[in-house]
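As given, the protein sequences belong to chains A and B, one line each in that order. If you're matching positions, the first sequence starts at 0 in numbering that gives the first Met the number 0 and goes up one per residue. If you're matching positions, the second sequence starts at 0 in numbering that gives the first Met the number 0 and goes up one per residue.
Please keep in mind that the hints were generated in silico from the structure rather than gathered at the bench. In this text, all values refer to a predicted model and were calculated from it rather than measured experimentally. It is possible that part of the hints are untrue.
[Said to hold, decoys possible] Think about it this way: if two alpha-carbon atoms lie no more than 30 Å apart in a straight line, the pair counts; the simulated DSSO-like pairs of lysine-lysine are:
(1) K604(B) with K105(A)
(2) K105(A) with K435(B)
(3) K690(B) with K604(B)
(4) K604(B) with K48(A)
(5) K435(B) with K35(A)
(6) K4(A) with K245(B)
(7) K45(A) with K245(B)
(8) K604(B) with K6(A)
(9) K657(B) with K4(A)
(10) K418(B) with K435(B)
(11) K19(A) with K245(B)
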Amino acid sequence: MSNGKIKFMVVDDSEVIREKISGVLDQDFEIVGTAKNGVEAVEQFKQLKPAILTMDITMPIMDGIETIEAILAIDDSVRILVVSALADKATLIRAMALGAYGFVCKPFTDYELEDAIEHLIEDIR
Amino acid sequence: MATSQGFQKDPIFLATTGFAVVFAIILAIGYAMQSRVAESGDYRLTTNAVEQWLSSGNAADARAALSAMQKGGNVRVADKTLELPELNKFLSPDSFDAASLASSLNNGVNDDAIAKAKQLNQIVSAKDQKRKSLASTMLIVGAVVTLLLYFALMIPMFARRKGEEETQVVTKSETEGIMNTVSEGLFLLGNDHQIGVEQSASLKRMFKLERDLEGDFFDFISDYVTQENVRVAKDYLDLLFGDRVKEKLVEDLNPLNNVEISLVRRDGQYESRYLDFRFKRVMVDGAISHLLGSVSDVTRQVELEKQLIQTKEEQEAQVDLLMSILHIDSDRLQTFIRNSSETLDEINERLSERGHSDGQIRSKLVDVMSNAHRLKGDAAALGLHKFEFGAHDFEEELETIRRGESSLTGKDLLPAITKLRTLYTEMDSMTELIGKFSEAMNAKGDSSVKFAADLDASIGGANSVETEDSAKTEDASLTSELENLDSEIESDLDALSDSEIVNDMDANIESNSFSVDMNSANESTAENAGNEDANDHGIEDSIRAITATVGQRNDTPVELKLNGLGAGNLPSELVEVVNDSLIQLVRNSIVHAYEGGDKRRSMDKKEELSIKVNFEQADDGYRLIYRDDGKGLDSKLIAEKAVSSKLLSAKAAEKMDKSKIIKLLFHPGFSTLDEATLDGGRGVGLDVVLKRVKEHNGTISISSGRGRFSQFTIRFPRSN
C-alpha cells in the first residue's frame, strides 16, 4: 500500500460483473488489475500482489478452487472474497476452508458488496 | 458471584483472611505475653517457696538459698536460679533486699525473715496477678474485637451474598421463563459437536420429541435431513469454529437454511416441514467457546412463497388466455364456446352413465375420444392453446385407459372424469373472462357482440398508417371532410381578381392609415394591453396590441391598417368572432407569411409586413377582408407538411388538386412550422376560426398570389 490505497484485484469471466464490482469501490482502493480466468489471475497476482481480490468460482480454464489454492500458495496473506452464485454450497464451503476470507452471493446489490468489503478489511483499515 | 469476580476478589475470602491476620496478631501478642507471664510465674514460685521453707523451718534449703544469696545475690530454689538483678527489675520500683533477709536469717531473727519473705511474696504475687489479668484482658478484648470485626464485615457480606443469591434465583427463573417460552429452538454446540444441556423447550417440540436433545448434533440431524446436507453442514460448522473467517461473510453458505425435514406424526403419517438453522459464535474472553444454534420453523413462509409463485403463474396464464381471446373474431369465439360446452356436456353424460360391460365402455371411450379430438382441433384452430393442451391431456388419458389389458369397469373412467373437470374449469374461466371484458366494453357504449371485431379494427387501425389500405381509409375520411368544407369555402388561386380588391381596400383606408412601428409599439400597447373589452372601438386597440406583441416576439415589423372596425360599423354579435379571427390571421401572417427584411427588399417590398383589414356592410350581410403582402400560400409546402404530419399519404397528396390542398389549412392538427412556437405551429388556429365562422353561418374565401399576398374574405349573413 505505497500510496495508502488498498490494492484490489477483480477476477471474473463476466465483464459486466467486473465493471460492477469496480464501480462499488471508493477511493480507499486502487484497482491494480482484473482477470477473466484462473490462469490470468495467478499471473496477475504474482506481478501485482493485491491485498484483496474478488473471485468467481465458476470460471473457464482453471476453476476457482484451484486458483485459490495457487494464489494462497504464493502469498497466504491475501484476502479473497468469493463472489459466486449459490449453486453448490459444498464447493464454496471448501473454498472457505482452503483459505478464502468471505463470500458474497450473486446476484448482489452494490450495498451488499460494499458491506462485505467493509467486513473484509475491518481490521486492516 | 465468586466465580465471576475471581477467587481472590471474593469478599468473604478477604474478610476471612483479614480475620485470620488479626487472629495471628493476637496469637503473637499472646505469645509475647506468655513469656512475661511465665517469668512472673517463676518468680512467684520462688518467692512462695522461700516463704514456705522459711515458715516451715526448712533449714537446709534456707541455708542453701542463703549461701547463694550471699555469694552472688541469686536465690536458688529447686533447680531454678533466681537472679537478683532480674528480680529487682521485676519488683521495681520495689526491690528485694536479699542481704537484709540473709542477715535476718543469719541472726536467727526468723520472724523478721518470714515477714520479709511474706512481703516479697505478696509483691511478686501481686505483680504476677497483675500480669496474668492483663494478659487475659488483652486476650478477651482481642477476641471480642476480632469477633466484632468479623461480624461487622461478614454480616453485610452475607446479606449481600444472600441478596445475590436471590437475584440469581430470580435471574434463573427469568432465564427459565425465556427458555420455556421462546419459539425458536435454542441450543449450544461445542467444539466436539455435542449438544449442550441448556436448551429451549421448543427445540424438542420442533422435532416432535418428548425429551431434550443430546449427543452429537450431526448424528441427531442425520435422522431428518439428507446425508449430503449433513456432510456440508459439518464443513460449514467447522468453518465457524475456526476463527479465521468472519461470521457475516459466510452467512449465505449455511446449508441448513430452509431445509426440508420429514417428521412422523402421532398418527403415523409423515409430515414435511421446513426448518431454518442459524449458527452464531459465542465468544468468551475473546475466544470462540461455543456456537449458538437457533432453529425456526419456516414452513409457513416457504408455503406462502410457493403460493405466491403459483398465483403469479395463474395470473400470467390468465393474461395469456385473454391475449389469445382478443385475436379471435367474436362470432367464431361465441360459436366455439357454444359448441364446446355442448360437447363437454355430451362427454360428461356418456362418461357418467352407469353399469356397462367392458365392451360398451370401450365403445364409449372411442366416441368420447373423437369428441375430444374435435374439441382439440377447434381450440387449436382458434389459437386457444391452453384449452387445446387440456383437450389433448384428456385424449391421452382416455387412450391410456383404453389400452388397459384387463376388463374395464366404470371405476376406470374416474381419472378421465377428473380431467374433464379441468376442461370445464377452463371453459368457465374463458367465459368469465369474456363476460368481464364485454361488460367493460359495454360501459363504453359498444355492444358486446361487436367487441372483438371493434378491438381488432382499432388495434389494427392505430398501428398501420403506412399500409395502403389504412392510408386509403384515412385519405377517404379527410377528403370527405374537406368536401364538407367545400360548400362553405370558395377557393380562387388566380391572381386576376386581386387588383380589384387591392384597389378597393386602398381607396377605403387611405384616410385612416396607421403604421405600427416596432419601438412605439411598446409604449402604445402598454396602455392598451389591459383593455380586452372589445365593445368600444376597443377591438381596434386589441388588434393593434396583439399585432405589436406578436410582431415583437417574432422580430417582425408590421404595418397594420384597420378600417371599419369601430363600434358603429361592427355589429355587436360579430364582435367576438371578428376579433378572434383577426387575431388568428394576424398571428399566421406574422409567423408564416413574413419572408424576412432582406428577402423583401430584394423583392422591392417594404421591410414591414403590410396587413390590411377592412370590415364593410354588403347587400347580403357583412364582409371582413384580411390581406397580408407576405409570401402567399404555397400549396406544395402545405401538401408536404400534411404528409409529414401523417394527415395524408404521399400518394393522396400527389393526386389532390391545389384548391383542396389549401383547404388543409383549416384541418385541425395542421401546421407549416416544424416546431410549435408560442404563436405558430400546432395547427390550432384556422380550424377554430372556421368553426366560429360556421357558428355564425359565415363563409371563408381564400385568395393568394405566390410571393405576393394572402387574402381571407369572411362573409356573414345578416341576422334578421
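Each hint tested on the structure:
Distance check on the hinted pair: K604(B) and K105(A) sit about 75 Å apart at the alpha-carbon level, beyond 30 Å; violated. With a CA separation close to 43 Å, the supplied pair K105(A) and K435(B) exceeds the 30 Å bound. Restraint check for K690(B) and K604(B): not satisfied, since their Cα atoms lie roughly 34 Å apart, outside the 30 Å limit. With a C-alpha separation of about 82 Å, the suggested pair K604(B) and K48(A) falls outside the 30 Å cut-off, and the hint is violated.
A C-alpha spacing of about 55 Å is found between K435(B) and K35(A), which places the hinted pair above 30 Å, so the restraint is violated. Only pairs whose Cα atoms come within 30 Å are accepted, and K4(A) paired with K245(B) is accepted, the gap being roughly 23 Å. As the CA atoms of K45(A) and K245(B) are separated by approximately 26 Å, the hinted pair is consistent with the 30 Å bound. This hinted pair does not check out: K604(B) and K6(A) have alpha carbons roughly 77 Å apart, beyond 30 Å.
For the proposed pair K657(B) and K4(A), the alpha carbon gap of about 76 Å is over 30 Å, so the pair is violated. Our distance criterion of 30 Å between C-alpha atoms is met by K418(B) and K435(B), whose separation comes to about 26 Å. Between K19(A) and K245(B), the direct Cα distance comes to roughly 24 Å. Compliance with the 30 Å bound is thereby established for this hinted pair.
Violation of the numbered hints given earlier is confined to hints 1, 2, 3, 4, 5, 8, 9; the remaining hints are satisfied by the structure.
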